[in-house]
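Using the sequences and the hints, build the whole thing.
Protein chains: 2
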Amino acid sequence: MKTVRPEIDAPIGVFDSGVGGLTVIRSLLSLLPNEKFIYVGDTARVPYGTKSPETVRRYALEIAGFLLKSQVKMVVAACNTVSALAMDKLRLFLPVSVLGVIEPGARAALAASKHRRVGVIGTEATVRSRAYQQAINRLDDSIKVFSSPCPLFVPLVEEGWLGHAVTKQVAAQYLSPLLAKKIDTLVLGCTHYPLLKPVIQRVAGPGVELIDSADETAKAVRSRLEQDGLLLPPSRKRGGAEFFSSDDPAKFMFLGQKFLGSALRGVERIQLEGV
Amino acid sequence: MKTVRPEIDAPIGVFDSGVGGLTVIRSLLSLLPNEKFIYVGDTARVPYGTKSPETVRRYALEIAGFLLKSQVKMVVAACNTVSALAMDKLRLFLPVSVLGVIEPGARAALAASKHRRVGVIGTEATVRSRAYQQAINRLDDSIKVFSSPCPLFVPLVEEGWLGHAVTKQVAAQYLSPLLAKKIDTLVLGCTHYPLLKPVIQRVAGPGVELIDSADETAKAVRSRLEQDGLLLPPSRKRGGAEFFSSDDPAKFMFLGQKFLGSALRGVERIQLEGV
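Quick mapping for you: the protein sequence lines, in order, are chains X and E. Last residue of the first sequence: 412 (the working numbering), numbering continuous. Last residue of the second sequence: 412 (the working numbering), numbering continuous.
It should be emphasised that the hints constitute simulated quantities derived from the structure, not laboratory data. Hints are not guaranteed to be accurate.
A pair holds if it fits inside one copy or across any two, identical chains being indistinguishable in the list.
Restricting the straight-line Cα-Cα distance to at most 30 Å, the calculated cross-link-like pairs of lysine-lysine (DSS-like) are [said to hold, decoys possible]:
#1 Lys388 / Lys305
#2 Lys395 / Lys305
#3 Lys251 / Lys319
#4 Lys305 / Lys334
#5 Lys319 / Lys281
#6 Lys374 / Lys206
#7 Lys281 / Lys251
#8 Lys281 / Lys334
#9 Lys334 / Lys251
Values in this document were obtained by computation on a predicted structure and should not be read as measured data.
See the structure below:
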C-alpha cells in the first residue's frame, strides 16, 4: 500500500461498534475544537464485544476502508474491543496513523495507581485478549492487573437503567472479585461504562479511582497529530463532527445523545459490508 | 423467480440470528425424526431484536440465499424478530414455502386463553412490529393483546443467569404492566425466553399459561410439508441436523447446547454477507 502524505486539513476518522465511541468524540471536540471528525458507528452489527477476534478484525477493516475513502488524516478506534483485537491489522493495512483507546487508558491507570494494583473491566472479547494487562505491564511490569468481563453492562446502559437497583446488584457481583484483590484503580475498559460511573464508584468505594480513557485518548490524538505535523494551528476556524451509522440513524441519534452529552443532528446511514 | 418443485428428500432450512432458534430445531427433530435440517445462526451479527426492520430483512434474505444454495425444500424463520419483520419479503423472494414462529404462537395463545386476555413479550423490534397482535386478532378480533419488550432477557440468558435474583427482579419489572392487565396467557415471543420459563412462571403466577412457539411451529412445519406433498414417509431412515454459524463455531456450540438440550457437534463457519 502506498503512503500518501495526508492533508493537514483532512478530517480525523473515529469509529466504534455503536454509540459508545461518542464519549471519545466528546473529549476530542473539547480538546481539538478546530479539527474535523468523521464518526462511524456500526450499529447494524453491534455489539462487537461478544464476537470472535477474526470477525471484529474484518469489521474494523471494513470501517477503516470507508474512512479512507473520506481521505482521513488519522484513524481512531474509539472502541475497546477493536483496540484490543485489531490494532495490528489496522496498522498494517492503513496508510495513516492509527490510535486506539487501550494504550492511553493503560498510561492513565499507571499514573493513578498508588499501590500498583489495577482492575480492568470490559467486554468478554476485551478481557479475553489481555490487551490491557499487556499494555500496562509493557509500561511497568511490577503492576498487578486483575480483570473481569461485564457483559450485562452494555445492555443495562442501552436500556437506560443507569441508576437502577438491578444495575447496582450486577455491578456488585461483577466487581467483587476485583475488590477482593484490593485494587486502587479501575479501568472502565468499554466506552459504554462511563455512563455507569456513579453506580460503579458507589460499589467500588472512594478508595478506587475510575479511569475513563476518553480524555486520555484525546490527548494521545493531539500529540500524535503534532508528531505527524498534522495538527491544525489554533488560529483556524471551528471544526466539528459528521456522523454515519450502519443501521437506523433515528436510533443512533436517540441513544447517541447520552454519550455525546448533546443533541446529534444529521446522521447518515451507510452500508459497510464489502467496502 | 422460477418455481422448481423441491425434492421430497431435500433438507429443511431453519435459521435464527443466533442460537435461540435451536429450541425450534429441538422440537422439529423430535416431531420429524426422519427429516434432514440445515440450521444457520447469524452469530456474527446477533442480536436482530435491537435493529431496524430494513436491516433485519436484508440479513434474513442473505441467509435464505445461503439456504437455497443447499436446495432446501422449505425455509423456517426460527426467530421471532425475523418472523415479525421479514415474512412478506421472504415469501416474495423464495421459491419454497416459508414458515415463521408467530402464526403458530398466535394459534397456541388463542387456544390457551380462557379470559381472552393475552400478553406478549419479545424484543424491541418484535413488540414494535405488533406482529403478534395482528396475528392473534386475525384469528379472533375479540382477544385483548398487551405487549412489552424485554431487552435484558437475551443478555441475561446468554450470561447464564437463568435463576439469578437479578433476573427475577428484571422479570418482575417487565411483566408488571402485563400482569396489571390481568392476562391469563403469556406468549414467550423470543426463542431465548423458554430458558427463563421457571422464573417467568414464578413472577407471573400459576394463573398465567406460558406459550412457547417451538412445538407449535414444528406442528405447523409438518402440516405444511403434508400440504406441499413434501413430508417424508415415516418408514424412511433417520434424519438429523447440520449446523452453520457466521461467527466462531466454538462459542455457538457452547451456548447452543443449552438451547438444543444436547451436545452440538460439527458446526461449520460461513460468511453470509453478499450471498
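So, going through the hints one by one against the coordinates:
no. : hint            : in the structure
1   : Lys388 / Lys305 : both (26 Å within a copy, 28 Å between copies)
2   : Lys395 / Lys305 : both (20 Å within a copy, 28 Å between copies)
3   : Lys251 / Lys319 : within (12 Å within a copy, 57 Å between copies)
4   : Lys305 / Lys334 : both (11 Å within a copy, 25 Å between copies)
5   : Lys319 / Lys281 : within (10 Å within a copy, 55 Å between copies)
6   : Lys374 / Lys206 : within (24 Å within a copy, 56 Å between copies)
7   : Lys281 / Lys251 : within (12 Å within a copy, 61 Å between copies)
8   : Lys281 / Lys334 : within (23 Å within a copy, 42 Å between copies)
9   : Lys334 / Lys251 : within (20 Å within a copy, 48 Å between copies)
Violation of the numbered hints given earlier is absent; every hint is satisfied by the structure.
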